[in-house]
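Undergrad: If you're matching them up, the sequences are chains H and U in order. Take the first sequence: its letters are residues 1 to 219, numbered as in the numbering used here. Take the second sequence: its letters are residues 1 to 219, numbered as in the numbering used here.
Hints were generated in silico from the structure; no laboratory data involved. Hints may be right or wrong, so weigh each one.
Which copy is meant is left open, so a pair is good if it fits within one copy or across any two.
Quick list of in silico lysine-lysine cross-link-like pairs, DSBU-like style, CA-CA up to 35 Å [what the hints assert, rightly or not]:
| id | residue 1 | residue 2 |
| --- | --- | --- |
| 1 | Lys2 | Lys153 |
| 2 | Lys207 | Lys80 |
| 3 | Lys153 | Lys207 |
There are 2 protein chains.
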Amino acid sequence: MKAIIFDLDGTLVDSVYAHTLAWQKTLSQFGMQCPAWTIHRRIGMSGKLLVKAIAREQRRTLSESQVERLDEHHTQLFHKLAPACAPLPGSVELLAYLGESKIAHGIATSGKHAETEGSINALSPSPSAVVVDGDMVREVKPEPDLFLLCQRKLQVDRADCLIVGDAVWDIHAARRAGILAVGVLSGGFGEQELYNAGAMRVYQDAKALHAGIDELGFD
Amino acid sequence: MKAIIFDLDGTLVDSVYAHTLAWQKTLSQFGMQCPAWTIHRRIGMSGKLLVKAIAREQRRTLSESQVERLDEHHTQLFHKLAPACAPLPGSVELLAYLGESKIAHGIATSGKHAETEGSINALSPSPSAVVVDGDMVREVKPEPDLFLLCQRKLQVDRADCLIVGDAVWDIHAARRAGILAVGVLSGGFGEQELYNAGAMRVYQDAKALHAGIDELGFD
Chain H
1 MKAIIFDLDG TLVDSVYAHT LAWQKTLSQF GMQCPAWTIH RRIGMSGKLL
51 VKAIAREQRR TLSESQVERL DEHHTQLFHK LAPACAPLPG SVELLAYLGE
101 SKIAHGIATS GKHAETEGSI NALSPSPSAV VVDGDMVREV KPEPDLFLLC
151 QRKLQVDRAD CLIVGDAVWD IHAARRAGIL AVGVLSGGFG EQELYNAGAM
201 RVYQDAKALH AGIDELGFD
Chain U
1 MKAIIFDLDG TLVDSVYAHT LAWQKTLSQF GMQCPAWTIH RRIGMSGKLL
51 VKAIAREQRR TLSESQVERL DEHHTQLFHK LAPACAPLPG SVELLAYLGE
101 SKIAHGIATS GKHAETEGSI NALSPSPSAV VVDGDMVREV KPEPDLFLLC
151 QRKLQVDRAD CLIVGDAVWD IHAARRAGIL AVGVLSGGFG EQELYNAGAM
201 RVYQDAKALH AGIDELGFD
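Just chain H, with the same shape it has in the complex (with noise of 0.2 Å):
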């Protein structure tokens, strides 16, 4: 292993809950009133992705405009919901570690720059990690655009790279880029559908992950 590959929410910032609230206060006030948890289960694919399952779900049709004031509705809320984007236990260390260790890393989010900086920034990650966020591709996740870009950029080859997400979709994503993955139980995801999903492995969070990073062909 020569390169790993993180998602941001979930995986190195505390953020999947109130991006949760976010979102359902802000589809109900556009009149889709939805259960928080089905929600929860969508975040990490792209907000107009999300956006149009639950529209699809609901029996609604949205133009791409209201697609588009949806999503910057949520972000609007998402900033007043947690102003403050707080590194999860080991992240901000296993970062550090990388980049003294000198192992390409970089993150890798669905998340757009202006909706992202804040967290990335908490994380102090090093100078030579690469940072790939939604406004640089076409599609993100479950797409493998993110992750394939980011390991492009980290120059190394896709079967010498690692993924880390908390999500279904980084899961997915990182199978259709045909690079392993494994999960952390910190966004909220349950152990099973995380390695149902494909993971190879799954630890609580990137605290675990860094105390085991021998286990996973890194040293």
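Based on the hints, put chain U in the right spot on chain H.
TA: Same frame as chain H, now just chain U:
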């Protein structure tokens, strides 16, 4: 089967995610940073137990009066975050069906009366429904007391009774009470977590349970 006992939060009303964020903010204001997912996994046990578990994890010692103050603070924040208590899909209809069909049924919640009154009212259960809450027993879930009190008030044998809950604590408490349990996913736990805890069946939500109620021995 002659009677069915429901948990409230995450089973009949969509309150687990708001409880999670309210606890996270409360704990943080008292100097205990705690990732949301580890709180989520503890919703459904008593507030005091939750506080004590997290304090122990963080090697903090809290006095009984401090635990009490945190618990009260959480209740206030929760009401601010979730002033409206939304029933989960199918739960109002399921309770109405049980009332009309004269199937004995009850609600057993760890929450205190003041905290759960709004949710119960939003469900408009039939007058025959037996409601027991955290004010009525010494020990709430995962202790079996709440379920046993409800079962006795329903005047049915434990063998003729079924418990429905979204959290591992409901399933644990049900097993300790010697009553069979089924799970629902509407609180955001993973399906396998509920099966591992001992659920004999897991449904999406109250709506799916209602559609399959004959499978459970109610007719």
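Undergrad: Give a verdict on every hint.
TA: A quick look at each hint next to the structure:
Within a single copy, Lys2 and Lys153 get their C-alpha atoms as close as 13 Å, which meets the 35 Å cut-off; across copies the closest is 63 Å, which misses it. With identical chains, the CA atoms of Lys207 and Lys80 are at most 35 Å apart both within one copy (28 Å) and between copies (33 Å). Taking the closest pair of Cα atoms, Lys153 and Lys207 come within 35 Å of each other only inside a single copy of the chain (26 Å); across copies the shortest separation is 47 Å, beyond that limit.
Of the numbered hints given earlier, the model fails none.
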